[in-house]
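Visitor: Assemble the whole structure, with the sequences as input and the hints as a guide.
Protein chains: 2
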Amino acid sequence: MKTLQSEPTSDFSAVTDFYIASVAQSDRAIQVRWSDGSNTTYHNIWLRDNCPTAFHPHTGERCFDLLSVSQDIHPLSVTLDTGTLIIEWSEQGHISCFEQSWLREFCYSGELAKDHSSSYQSWSCEFIDHIPVDNQQDILTSDRALYEWMSALDKYGLAIINGMPNEPEAVVQTANRIDYLRQTNFGVTFDVVSEKVPINLAYTSLSLPLHTDLANQEIPPGYQFLHCLSNESMGGESTFVDGLKVLEGLREDQPEYFRLLCEYAIPFRFHDQAHDIREHHPVINLDNFGNIVEIKYNAHLADIFDLPGEVMYDYYIAYRELMGRLKDARYKIELKLSAGEMVVFDNRRVLHGRNAFDDSAGKRHLRGCYVDRSEFKSRLRVLGKQLAKVI
Amino acid sequence: MKTLQSEPTSDFSAVTDFYIASVAQSDRAIQVRWSDGSNTTYHNIWLRDNCPTAFHPHTGERCFDLLSVSQDIHPLSVTLDTGTLIIEWSEQGHISCFEQSWLREFCYSGELAKDHSSSYQSWSCEFIDHIPVDNQQDILTSDRALYEWMSALDKYGLAIINGMPNEPEAVVQTANRIDYLRQTNFGVTFDVVSEKVPINLAYTSLSLPLHTDLANQEIPPGYQFLHCLSNESMGGESTFVDGLKVLEGLREDQPEYFRLLCEYAIPFRFHDQAHDIREHHPVINLDNFGNIVEIKYNAHLADIFDLPGEVMYDYYIAYRELMGRLKDARYKIELKLSAGEMVVFDNRRVLHGRNAFDDSAGKRHLRGCYVDRSEFKSRLRVLGKQLAKVI
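Going down the list, the protein sequences come from chains A and B. Reminder that position 374 of the first sequence reads as 374 in the working numbering, one-by-one numbering, no gaps. Reminder that position 66 of the second sequence reads as 66 in the working numbering, one-by-one numbering, no gaps.
Because the hints were derived from the structure by calculation, they are not lab data. It is possible that part of the hints are untrue.
Since the list gives no way to pick one copy over another, a pair counts as held whenever it fits inside one copy or between any two copies.
Calculated lysine to aspartate or glutamate pairs in the EDC-like style (CA-CA distance at most 16 Å, straight line) [as the list claims (entries may be wrong)]:
{"id": "1", "residue 1": "K363", "residue 2": "D129"}
{"id": "2", "residue 1": "K389", "residue 2": "D143"}
{"id": "3", "residue 1": "K336", "residue 2": "D358"}
{"id": "4", "residue 1": "K385", "residue 2": "D276"}
{"id": "5", "residue 1": "K363", "residue 2": "E195"}
{"id": "6", "residue 1": "K363", "residue 2": "E232"}
{"id": "7", "residue 1": "K385", "residue 2": "D272"}
{"id": "8", "residue 1": "K377", "residue 2": "D154"}
{"id": "9", "residue 1": "K327", "residue 2": "D65"}
{"id": "10", "residue 1": "K332", "residue 2": "E237"}
{"id": "11", "residue 1": "K377", "residue 2": "D276"}
{"id": "12", "residue 1": "K155", "residue 2": "D272"}
{"id": "13", "residue 1": "K114", "residue 2": "D306"}
{"id": "14", "residue 1": "K377", "residue 2": "E256"}
{"id": "15", "residue 1": "K377", "residue 2": "D272"}
{"id": "16", "residue 1": "K389", "residue 2": "D154"}
For clarity, every value in this text was computed on a predicted model and none was experimentally measured.
Guide: Have a look at this one:
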């Protein structure tokens, strides 16, 4: 292992609180020791693949063909020059220049490796007094207000917009501030009113137990917007539970149940005259870093379980445990939406329901739509970058 | 264990080739022995949960509250009557009646348990002579033609429609025979033409290596429709590879590489002025039954890998192996679309690309849109049921 020592240039050390102290080559990688004592490893193949010249100058897309070099590509020389690591490669006579700030940002080993844990903050019933609220006019006219409200929604999975005009298109106009809408078999928008021949329980005046929407879809919709146009009926309070909070508790207390609900998929189905939409899903979905991504819980759409015989009984016990926890009043918030209010929540995290209502005294009418997570997260990133530039 | 013997009624045995021969109760389940010698187990809790009365008569949704009974619910009596299993339960004085044909259909244990393996059929370069083709007029006017063409597309992941009118809306009109379109950041439809300031490589005249679209989305689009409005340029042949076939080979030959590509997620990203859409995904996605659901492969959208340091090198080796296999000419079909032809393929299974073209002699213009898998599969089921009734 060869080691190259470096001293910071006075220029560079003035604007950052770290710099590359030394560089050494090992078999397949370069070892970087930083001025703060931390160590990071960069594999040769990774460095070559991520040479700044590998990306298209306009589109930012990766253009380098990884197979144009061998897996054994390695540096012929490594030089440090004013905060830049310069590598002359063993193939194609290529030279790569890496800024040390870039190397620091994208390091993937040791104590500096990127933290992939979730930034979501879970909540229980006390959240009723802390739900983020903003006014529709702010959301429509101010990017900063939109960004701050969306950041809170991202963190907590539930937020309110008030001051909504009593117009059917208001929900679309507001949601479009984020991005285009996610269409489903219920349309681009949907009206939650009591109907005489309902195609599902939402369109009755019955109570609706806590659930996530469209668990029968390959990917259930992300953020749900529910604009209250009128709510003069008796009852009809909206109920919410943070699925993330409930799952965190289950994971802690009953890891074996949690595992079963992650590992085995159950069938979900919605069918009417025109549709028969089915999908198997695990109730709990983790990302590749072990974070809880999603809960799919909809007792009404749960189809006939077809788990392996040896798992069926244990699964039912785990599933019942989750059902019981979801009914625990300590998790639940309940609020009666008024005309002009809109509730927005992450349908794949926060369960929603409603109390039964009697609409003989007055109508209950919510109008809804969805925006998916990819679009939501993208908008949040772009707004963040734009606002950072303004400052 | 109590056992109940039964003889078939002459009526019932006339229309089915099996009947319940005997029923026995064990601790948590009922054991059914069938006339053909097969044995199935039905857990008490599963039977109670799936009592025919548990489902809403209009909407088909599950209405029974599983927590309204205990996990120890069991039969007080089990009776067989003319092909119906009648259970009197230990709780709520409830009685359930199960048709034996239903019990047979939904059994989940033993040799009769549902087969969850995929019905897809993978292909190599010889498929060029067997691509399913139908005419647009048939697809528009005949449900049977649509059903048969969709069935072939479902099985092979690639099919052609010819006789398309040279109109921009023809692709939408045809795709709408299946269902509504999946919108993306590129719009509801998109035009693949060479542009002066491209936002991605598709909109140049460069060759486009094999890829799946929008791997950076939380769920990439399902079926892709590409209608050729003109292709008078030199070159510009479309290329396709069945990712399923390639992955089957990888799984067989290099199971450890296959596992790495399933287990670890890599980052994908598309960004322009208005968007920054990012997602981590494993390149290979299995369903809970071990079937290959999906390949996400897009070298252009692959962002800077942030795998754990100890995995990075091995992952690169596995990834390069896949890259190499995807380039193997034995897998590839190449066809030059003519005006009036439309190719349709499962974007999450079949990779597509194109050869470079020179459009100084004539324009190359493809117009595209997407329909997602949930909608496609639903339409196929509903058409199948409708056509079965017609017969």
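Visitor: Does each hint fit the structure? Answer for all of them.
Guide: A quick look at each hint next to the structure:
1. K363 with D129: Intra 27 Å, inter 61 Å, cutoff 16 Å: neither.
2. K389 with D143: within (13 Å within a copy, 55 Å between copies)
3. K336 with D358: within (14 Å within a copy, 63 Å between copies)
4. K385 with D276: between (42 Å within a copy, 10 Å between copies)
5. K363 with E195: Classified as within; 12 Å inside a copy, 53 Å across copies.
6. K363 with E232: within (5 Å within a copy, 60 Å between copies)
7. K385 with D272: between (45 Å within a copy, 12 Å between copies)
8. K377 with D154: within (8 Å within a copy, 32 Å between copies)
9. K327 with D65: Answer is between; shortest inter-copy Cα gap is 12 Å, intra-copy 54 Å.
10. K332 with E237: within (12 Å within a copy, 58 Å between copies)
11. K377 with D276: between (30 Å within a copy, 8 Å between copies)
12. K155 with D272: neither (36 Å within a copy, 25 Å between copies)
13. K114 with D306: between (39 Å within a copy, 8 Å between copies)
14. K377 with E256: Cα proximity of K377 and E256: none, with 32 Å in one copy and 34 Å across.
15. K377 with D272: between (33 Å within a copy, 14 Å between copies)
16. K389 with D154: For K389 and D154, neither the intra-copy (22 Å) nor the inter-copy (48 Å) Cα distance is at most 16 Å.
Hint compliance for this structure: hints 1, 12, 14 and 16 are broken, all remaining hints hold.
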